[in-house]
Amino acid sequence: GAVVSQHPSWVICKSGTSVKIECRSLDFQATTMFWYRQFPKQSLMLMATSNEGSKATYEQGVEKDKFLINHASLTLSTLTVTSAHPEDSSFYICSRAARETQYFGPGTRLLVL
Amino acid sequence: DQQVKQNSPSLSVQEGRISILNCDYTNSMFDYFLWYKKYPAEGPTFLISISSIKDKNEDGRFTVFLNKSAKHLSLHIVPSQPGDSAVYFCAALGTSYGKLTFGQGTILTVHP
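Protein chains in written order, with the numbering used here: chain H, 55 to 167; chain S, 35 to 146.
None of these hints come from the bench; they were simulated from the model. You may find that some hints are simply not true.
Below, computed lysine-lysine pairings styled on DSSO-like, alpha-carbon distance capped at 27 Å [as the list claims (entries may be wrong)]:
1) 133(S) / 109(H)
2) 88(S) / 95(H)
3) 95(H) / 39(S)
4) 95(H) / 105(S)
5) 105(S) / 118(H)
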């Protein structure tokens with residue numbers, strides 16, 4: 055069964071609004087979770103590493119003030135896209151580490167109008 | 035700088051035949067290599083992995099081969115089934131804990 059869940063699976067919002075995406079580790083307390091985005095027909099790009107109880111580590115080129123990550127508990131990490139614009143429309147996926155692999159959530163499709 | 039590359043955007047195979055998906059990398063510090071299968075609008079599903087100290091790992095119909103000198107790995111699926119049709123991503127795990135670097139993906143289509 056699924057070990058990582060995401061909510062919502064789909065979200066459509068108006069430009070300028072903020073959107074929060076939740077990622078839950080269902081079977082394991084995860085001190086580290088990861089956030090990726092995928093544009094159509096492209097690879098998964100790591101955005102940031104979410105660390106429980108401390109600040110997230112962002113990849114180069116990712117605006118930390120725009121993509122707010124909170125990892126307040128060992129089973130929940132959230133990604134908030136602030137003041138979303140159409141170019142933020144994408145597929146956002148989270149994962150949790152498991153030894154030498156990662157287990158991914160089902161993803162969240164964001165469409166900003 | 036694309037550290038993990040999948041140079042074939044797509045592959046078409048007849049059911050029952052072998053599918054071979056290729057992946058090249060540039061960073062010799064990667065510790066593990068992984069293959070994921072992904073359907074549209076879904077998260078990737080882990081298939082198989084290989085440690086950098088091994089040259090082969092097998093799990094059912096899936097076998098991954100690693101050639102460190104050539105910085106090349108491949109995923110063999112045999113026999114291929116129509117249900118294998120999906121996008122396959124090669125990924126590499128580096129020394130930074132848990133950080134995966136993905137290739138561009140290869141669309142596999144298995145025809146009945």
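Within a Cα-Cα threshold of 27 Å, do residue 88(S) and residue 95(H) meet the stated pairing?
-> violated, 31 Å
Between residue 95(H) and residue 39(S), is the straight-line Cα distance small enough, at 27 Å or below?
-> Between residue 95(H) and residue 39(S) the Cα gap is close to 14 Å, so the pair holds against 27 Å.
Pair hint outcome, residue 105(S) versus residue 118(H) [Cα-Cα no greater than 27 Å] | violated, 34 Å
When you check the alpha-carbon spacing of residue 95(H) and residue 105(S), does it fall within 27 Å?
-> Distance ~25 Å between residue 95(H) and residue 105(S) Cα, so the pair holds.
Taken at face value, is the distance from the CA of residue 109(H) to the CA of residue 133(S) at most 27 Å?
-> OK: residue 133(S) and residue 109(H) at ~16 Å, within 27 Å.
Taken one by one, the earlier hints fail for this structure at numbers 2 and 5, listed in ascending order.
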